[in-house]
Amino acid sequence: GQQVMQIPQYQHVQEGEDFTTYCNSSTTLSNIQWYKQRPGGHPVFLIQLVKSGEVKKQKRLTFQFGEAKKNSSLHITATQTTDVGTYFCAGGDNAGNMLTFGGGTRLMVKP
Amino acid sequence: GAGVSQSPSNKVTEKGKDVELRCDPISGHTALYWYRQSLGQGLEFLIYFQGNSAPDKSGLPSDRFSAERTGGSVSTLTIQRTQQEDSAVYLCASSRGQGTYSPLHFGNGTRLTVT
Numbered sequence: 001g002q003q004v005m006q007i008p009q010y011q012h013v014q015e016g017e018d019f020t021t022y023c024n025s026s027t028t029l030s031n032i033q034w035y036k037q038r039p040g041g042h043p044v045f046l047i048q049l050v051k052s053g054e055v056k057k058q059k060r061l062t063f064q065f066g067e068a069k070k071n072s073s074l075h076i077t078a079t080q081t082t083d084v085g086t087y088f089c090a091g092g093d094n095a096g097n098m099l100t101f102g103g104g105t106r107l108m109v110k111p
Numbered sequence: 001g002a003g004v005s006q007s008p009s010n011k012v013t014e015k016g017k018d019v020e021l022r023c024d025p026i027s028g029h030t031a032l033y034w035y036r037q038s039l040g041q042g043l044e045f046l047i048y049f050q051g052n053s054a055p056d057k058s059g060l061p062s063d064r065f066s067a068e069r070t071g072g073s074v075s076t077l078t079i080q081r082t083q084q085e086d087s088a089v090y091l092c093a094s095s096r097g098q099g100t101y102s103p104l105h106f107g108n109g110t111r112l113t114v115t
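Protein chains in written order, with the numbering used here: chain A, 1 to 111; chain B, 1 to 115.
Where hints are given, some of them may not hold.
As the list claims (entries may be wrong) - Derived Cβ-Cβ restraints for the label pairs, each shown as a range:
| no. | chain 1 | residue 1 | chain 2 | residue 2 | range |
| --- | --- | --- | --- | --- | --- |
| 1 | A | Val55 | B | Pro8 | 40 to 48 angstroms |
| 2 | B | Val12 | A | Asn94 | 36 to 44 angstroms |
| 3 | A | Val44 | B | Ser53 | 23 to 31 angstroms |
| 4 | B | Tyr101 | A | Lys57 | 30 to 38 angstroms |
In short, the hints are calculated from the structure, not lab data.
Here a beta-carbon is modelled for each residue, glycine too, at the ideal position from N, C-alpha and C.
In isolation and in its complexed conformation, chain B is listed as follows:
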């Protein structure tokens, strides 16, 4: 079946512009995570959605970052007034159930370059 889909796969933007990154999770998956990964680095947690619960936003690095998840499915990560340090690969992952027992399925990521 279809996996986690992220778009665009690559995005080049000028410093100061806003960007929107999209994630389509696997159908029926209630949990959705956003991570950021700089070149050669680990996974930096950004935000976590679980069903209809309030999202865990504790990983968002600044108020320029926000995310929403509409109808418990598609999620959009928005970065306002982009800075060069925002350049990274943004990964989305979803999992089936509540709690932490279900494995995460990752998308291919969006590579963001801020010039």
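Just chain A, with the same shape it has in the complex:
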């Protein structure tokens, strides 16, 4: 079945530094979604990418979908303490069956 791997598992950064998490799928994806889970909270949808090579931005967050639609990345510029949490990617298979989540990247920001 489809597998979605996410790296790194954990990342500590100093406030103001940049951060990137990477997501890789064993199969071609129909779309990729990104979620953020604050400590003690539940995952909340951030964005969806559908097209090959697509790039979307949300303020300091930049999301990319690879040309082969098998990988994706989330880059945060100049992290802030409010960015703390776990970031999950979720890939949709081309059969349109269900989303598969990556293991998540836990971001910790030192003020």
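Chain A is already provided as a structure; the job is to place chain B on it using the hints.
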């Protein structure tokens, strides 16, 4: 509008007892997922319902776990003869359409503690 509602929010039970966890998805959402999340860990997929199709049960960890979805709406996850390793947060999520393009809306989860 109302989001995904899960009850109870917390459940403490003794080892060996059965528990039922409830999920009320957003009205009109045809897809419903159950996940389990241990402290500091990722989302472990349990089961997926899509409309009237047979559910995908491939993530259920043992035959002590079962789930049903009545009338395409409310879902109940049942854990029989609970074990301490079942302690975790159980998250339910729903989405609007068929297929994988619709974002998931998560409930606040049920924190299960087995003593």
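Evaluated hints:
1. Val55/A to Pro8/B: 40 to 48 angstroms: holds (43 angstroms)
2. Val12/B to Asn94/A: 36 to 44 angstroms: This hint holds: roughly 43 angstroms between Cβ atoms.
3. Val44/A to Ser53/B: 23 to 31 angstroms: For Ser53/B against Val44/A, whose Cβ atoms are near 27 angstroms apart, the range 23 to 31 angstroms holds.
4. Tyr101/B to Lys57/A: 30 to 38 angstroms: violated (21 angstroms)
Violated hint: 4 only; the structure is consistent with all others.
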